[in-house]
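6 protein chains.
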Amino acid sequence: MGKLTHFEDGRPRMVDVSDKAATLRVATAEATVLLTPEAVEALQEGGVGKGDPLGVAQLAGIMAAKKTGELIPLCHPLPITGVEVRLWFEPQEARVRVVATVKTKAETGVEMEALTACAVAALTVYDMLKAVSKGLEITGLRLLHKSGGRSGEWRRE
Amino acid sequence: MGKLTHFEDGRPRMVDVSDKAATLRVATAEATVLLTPEAVEALQEGGVGKGDPLGVAQLAGIMAAKKTGELIPLCHPLPITGVEVRLWFEPQEARVRVVATVKTKAETGVEMEALTACAVAALTVYDMLKAVSKGLEITGLRLLHKSGGRSGEWRRE
Amino acid sequence: MGKLTHFEDGRPRMVDVSDKAATLRVATAEATVLLTPEAVEALQEGGVGKGDPLGVAQLAGIMAAKKTGELIPLCHPLPITGVEVRLWFEPQEARVRVVATVKTKAETGVEMEALTACAVAALTVYDMLKAVSKGLEITGLRLLHKSGGRSGEWRRE
Amino acid sequence: MGKLTHFEDGRPRMVDVSDKAATLRVATAEATVLLTPEAVEALQEGGVGKGDPLGVAQLAGIMAAKKTGELIPLCHPLPITGVEVRLWFEPQEARVRVVATVKTKAETGVEMEALTACAVAALTVYDMLKAVSKGLEITGLRLLHKSGGRSGEWRRE
Amino acid sequence: MGKLTHFEDGRPRMVDVSDKAATLRVATAEATVLLTPEAVEALQEGGVGKGDPLGVAQLAGIMAAKKTGELIPLCHPLPITGVEVRLWFEPQEARVRVVATVKTKAETGVEMEALTACAVAALTVYDMLKAVSKGLEITGLRLLHKSGGRSGEWRRE
Amino acid sequence: MGKLTHFEDGRPRMVDVSDKAATLRVATAEATVLLTPEAVEALQEGGVGKGDPLGVAQLAGIMAAKKTGELIPLCHPLPITGVEVRLWFEPQEARVRVVATVKTKAETGVEMEALTACAVAALTVYDMLKAVSKGLEITGLRLLHKSGGRSGEWRRE
Numbered sequence: 001m002g003k004l005t006h007f008e009d010g011r012p013r014m015v016d017v018s019d020k021a022a023t024l025r026v027a028t029a030e031a032t033v034l035l036t037p038e039a040v041e042a043l044q045e046g047g048v049g050k051g052d053p054l055g056v057a058q059l060a061g062i063m064a065a066k067k068t069g070e071l072i073p074l075c076h077p078l079p080i081t082g083v084e085v086r087l088w089f090e091p092q093e094a095r096v097r098v099v100a101t102v103k104t105k106a107e108t109g110v111e112m113e114a115l116t117a118c119a120v121a122a123l124t125v126y127d128m129l130k131a132v133s134k135g136l137e138i139t140g141l142r143l144l145h146k147s148g149g150r151s152g153e154w155r156r157e
Numbered sequence: 001m002g003k004l005t006h007f008e009d010g011r012p013r014m015v016d017v018s019d020k021a022a023t024l025r026v027a028t029a030e031a032t033v034l035l036t037p038e039a040v041e042a043l044q045e046g047g048v049g050k051g052d053p054l055g056v057a058q059l060a061g062i063m064a065a066k067k068t069g070e071l072i073p074l075c076h077p078l079p080i081t082g083v084e085v086r087l088w089f090e091p092q093e094a095r096v097r098v099v100a101t102v103k104t105k106a107e108t109g110v111e112m113e114a115l116t117a118c119a120v121a122a123l124t125v126y127d128m129l130k131a132v133s134k135g136l137e138i139t140g141l142r143l144l145h146k147s148g149g150r151s152g153e154w155r156r157e
Numbered sequence: 001m002g003k004l005t006h007f008e009d010g011r012p013r014m015v016d017v018s019d020k021a022a023t024l025r026v027a028t029a030e031a032t033v034l035l036t037p038e039a040v041e042a043l044q045e046g047g048v049g050k051g052d053p054l055g056v057a058q059l060a061g062i063m064a065a066k067k068t069g070e071l072i073p074l075c076h077p078l079p080i081t082g083v084e085v086r087l088w089f090e091p092q093e094a095r096v097r098v099v100a101t102v103k104t105k106a107e108t109g110v111e112m113e114a115l116t117a118c119a120v121a122a123l124t125v126y127d128m129l130k131a132v133s134k135g136l137e138i139t140g141l142r143l144l145h146k147s148g149g150r151s152g153e154w155r156r157e
Numbered sequence: 001m002g003k004l005t006h007f008e009d010g011r012p013r014m015v016d017v018s019d020k021a022a023t024l025r026v027a028t029a030e031a032t033v034l035l036t037p038e039a040v041e042a043l044q045e046g047g048v049g050k051g052d053p054l055g056v057a058q059l060a061g062i063m064a065a066k067k068t069g070e071l072i073p074l075c076h077p078l079p080i081t082g083v084e085v086r087l088w089f090e091p092q093e094a095r096v097r098v099v100a101t102v103k104t105k106a107e108t109g110v111e112m113e114a115l116t117a118c119a120v121a122a123l124t125v126y127d128m129l130k131a132v133s134k135g136l137e138i139t140g141l142r143l144l145h146k147s148g149g150r151s152g153e154w155r156r157e
Numbered sequence: 001m002g003k004l005t006h007f008e009d010g011r012p013r014m015v016d017v018s019d020k021a022a023t024l025r026v027a028t029a030e031a032t033v034l035l036t037p038e039a040v041e042a043l044q045e046g047g048v049g050k051g052d053p054l055g056v057a058q059l060a061g062i063m064a065a066k067k068t069g070e071l072i073p074l075c076h077p078l079p080i081t082g083v084e085v086r087l088w089f090e091p092q093e094a095r096v097r098v099v100a101t102v103k104t105k106a107e108t109g110v111e112m113e114a115l116t117a118c119a120v121a122a123l124t125v126y127d128m129l130k131a132v133s134k135g136l137e138i139t140g141l142r143l144l145h146k147s148g149g150r151s152g153e154w155r156r157e
Numbered sequence: 001m002g003k004l005t006h007f008e009d010g011r012p013r014m015v016d017v018s019d020k021a022a023t024l025r026v027a028t029a030e031a032t033v034l035l036t037p038e039a040v041e042a043l044q045e046g047g048v049g050k051g052d053p054l055g056v057a058q059l060a061g062i063m064a065a066k067k068t069g070e071l072i073p074l075c076h077p078l079p080i081t082g083v084e085v086r087l088w089f090e091p092q093e094a095r096v097r098v099v100a101t102v103k104t105k106a107e108t109g110v111e112m113e114a115l116t117a118c119a120v121a122a123l124t125v126y127d128m129l130k131a132v133s134k135g136l137e138i139t140g141l142r143l144l145h146k147s148g149g150r151s152g153e154w155r156r157e
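For the record, the sequence lines run as chains A, B, C, D, E and F.
If you read the first sequence in UniProt numbering, its first letter stands for residue 1, the second for the next number, and so on.
If you read the second sequence in UniProt numbering, its first letter stands for residue 1, the second for the next number, and so on.
If you read the third sequence in UniProt numbering, its first letter stands for residue 1, the second for the next number, and so on.
If you read the fourth sequence in UniProt numbering, its first letter stands for residue 1, the second for the next number, and so on.
If you read the fifth sequence in UniProt numbering, its first letter stands for residue 1, the second for the next number, and so on.
If you read the sixth sequence in UniProt numbering, its first letter stands for residue 1, the second for the next number, and so on.
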């Protein structure tokens with residue numbers, strides 16, 4: 001099964017990283033929630049003061065990063081050393097943007113942790129707006145940057 | 001905070017659904033993983049026989065539907081009565097499509113469960129291909145259809 | 001072991017509630033975090049605007065209510081139908097108060113869910129202030145009110 | 001937001017501890033369950049022989065220490081290297097005392113793990129006695145001692 | 001895939017039980033831990049007084065029953081209404097026996113919950129004895145009896 | 001309580017391993033599912049092509065290894081660095097064999113992780129076949145080999 005390291009002889013496995021060194025790894029990912037006009041309006045009304053919806057989504061993203069190893073079957077459980085999740089409501093573009101950065105000192109990287117944080121933060125935005133409009137869509141969930149490890153630095157162009 | 005039912009006086013809450021009837025609810029969602037040429041090639045080599053990557057992603061999606069209440073802060077824990085997740089590798093379009101349908105008999109719907117199943121299945125595809133190519137992107141994560149409950153049937157047009 | 005229904009012949013068990021009817025159950029609990037002067041000051045500086053510490057603690061409390069069955073060994077897993085958690089910072093009394101109300105339609109009550117929500121919300125307040133002052137203390141974690149079920153209504157006097 | 005390290009520009013985050021050294025950290029916390037006369041009597045009848053309620057609570061506390069990172073939103077997941085939880089039933093004072101000590105070799109401390117172990121052990125005592133008396137109260141949940149890390153040793157006076 | 005209801009067109013799924021009635025379901029399972037002479041001796045020394053190893057295993061089994069839906073990919077999450085786990089140390093036969101009974105009112109049965117409770121209780125016995133002897137073996141993990149549901153009663157002969 | 005290191009003064013504890021060195025640890029375990037003739041037949045019909053039942057069980061075993069610390073009360077949470085689970089359907093012998101190998105770099109070994117992976121993989125085989133035949137039995141769940149740590153290498157003879 002050639003290039004798929006998660007497979008050996010056609011069987012999935014959690015890749016053995018015992019021989020790798022535990023070094024600093026950082027990954028940043030992003031996602032976008034496309035809003036309907038009703039959702040934009042609801043967020044504009046509701047987005048002032050404490051307890052706003054983006055705050056709930058941000059916390060959901062941070063907590064989800066810690067659950068990545070439970071969700072993604074072949075991911076290693078990693079000792080995360082830092083998580084930042086940010087959300088921006090851009091009413092002009094009718095969207096919410098999410099960016100998450102995760103750090104660890106481990107034998108393998110945290111790309112999946114950053115992507116999972118973005119996915120769950122975006123889903124939480126969806127959850128809070130779904131009574132207003134079911135037509136929302138999550139798009140552009142992807143890696144922006146990673147550093148550390150044998151494959152070195154990578155940046156989306 | 002007007003139309004955001006998850007909020008009362010600016011504070012998030014798990015909406016009280018005690019007065020609603022437990023009825024059949026169904027929701028279907030979808031997502032798409034956009035592949036790079038290297039990822040298409042790797043999947044073509046690895047996608048034959050048992051243990052293929054889409055099988056891993058499918059199971060990850062089913063299991064994630066059961067974790068929705070843990071991931072999305074204001075979601076109710078629901079007694080899911082059925083989950084189907086399907087993935088299609090479309091090499092011509094350089095993509096993997098995911099569709100998930102979730103059912104329950106409960107006081108509230110399973111839109112978030114169907115969306116979460118799609119998101120985690122798509123992330124699992126990403127995970128298995130990330131050693132080949134980091135440039136994948138998850139897009140079009142959205143609700144296709146729901147039925148049951150006070151708001152009745154909804155279908156994306 | 002007389003009055004301890006969780007035990008039979010000296011062995012703990014999850015009490016069989018199969019014969020009980022699933023009816024509406026409500027429980028309200030409270031807790032208090034006693035603050036030091038440094039903690040009061042830090043909360044006063046930090047407690048304005050979105051993302052304030054009490055918002056984090058509130059969400060932690062809501063999510064913890066859903067984890068009660070995992071944490072308390074002999075608790076039944078319950079289909080929670082509503083959760084509200086509120087926190088008040090009372091600088092004059094140098095304390096934060098927490099009150100949580102949980103609802104379900106089930107064969108047994110949600111006292112432990114309300115208490116667990118308060119405990120985790122209070123612990124989260126502690127966590128966010130521990131860099132400022134380790135001398136905080138959580139006190140008065142107790143049930144305020146419950147209704148529903150064979151034992152009927154109970155209210156702390 | 002001045003002294004609240006869990007916040008940056010008003011947004012909560014999991015503080016980046018990548019630059020810190022992984023060293024031995026120890027924390028000890030305590031809690032007290034205040035009993036009613038009926039609860040004292042029930043524990044006296046039930047507290048002999050194996051399977052007694054305090055044994056259940058002790059195990060619940062040990063297992064809860066491992067769940068701290070899931071419960072407290074901004075806590076780091078830590079590789080716990082040891083947990084001890086002890087409970088004393090003091091019928092004269094009509095109370096149960098809980099003391100928990102947690103150890104790790106990590107970049108940050110285990111105060112929250114020790115406090116969470118005490119909280120869940122105390123809640124478990126409450127759970128097993130609530131059929132006898134709902135008037136119990138958990139009090140004095142606080143840190144007793146910590147060592148290790150940049151802030152060094154701290155002991156409650 | 002003929003008789004395997006968990007599969008449709010070669011793909012696993014969580015079988016749709018929405019059309020079934022929620023009725024009382026009971027299942028009882030058993031397992032046996034075969035001991036070495038060193039393990040028998042250690043249990044005989046350690047098995048007196050509170051906190052004995054079988055008490056830890058019993059509680060682990062009860063808690064594991066609640067985690068079945070997380071562990072077994074295609075299992076439905078079920079509202080368990082009662083769990084009993086018993087362990088007997090039989091030094092003459094050099095073994096520990098485990099029997100677990102689980103109840104629910106649901107659309108599908110609790111065989112897997114009873115089996116999972118036995119498996120985890122037996123593994124916990126192993127864990128506590130493994131410093132004494134690694135040669136233990138878990139055997140005879142199987143269903144003894146089930147009742148309720150369309151397939152009615154079943155008893156191992 | 002003599003030789004039971006999990007106990008001190010009759011109370012269970014998570015043994016303090018802070019003083020041990022984090023070194024490479026490997027453990028391999030096995031289990032066998034004894035099949036009935038109906039189960040052999042169902043597996044023969046269903047076992048061809050992708051998505052076969054053993055693939056589901058294999059993934060369940062890998063994911064369960066990561067949950068060991070949650071299931072076994074006194075187990076340390078470990079940073080697993082590799083997991084392999086293999087299943088063989090042996091129709092002639094009317095059985096399915098499971099073998100799991102787990103690796104870590106930690107202060108304590110991964111015997112329980114390998115055993116838990118085998119147990120959950122075997123239970124998943126049971127789950128998928130239970131509609132066909134309830135008479136299956138899991139047997140021979142035991143350690144085959146371990147290396148690393150103070151007690152060195154051990155191999156079942």
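Keep in mind the hints are simulated off the structure, nothing from the lab.
Note that the structure is predicted; figures quoted are calculated from it, not measured.
Keep in mind that a hint or two might mislead.
Since the list gives no way to pick out one identical chain from another, each pair is judged satisfied if it fits inside one copy or across any two copies.
Pairs of lysine-lysine, BS3-like flavour, derived with a Cα cap of 30 Å [claimed, not checked]: (1) 105 / 20; (2) 67 / 105; (3) 67 / 20.
Hints and how they fare:
1. 105 / 20: Both ways: residue 105 and residue 20 sit 12 Å apart in one copy and 11 Å across, limit 30 Å.
2. 67 / 105: both (17 Å within a copy, 21 Å between copies)
3. 67 / 20: both (23 Å within a copy, 23 Å between copies)
Hint violations for this structure: none, all hints satisfied.
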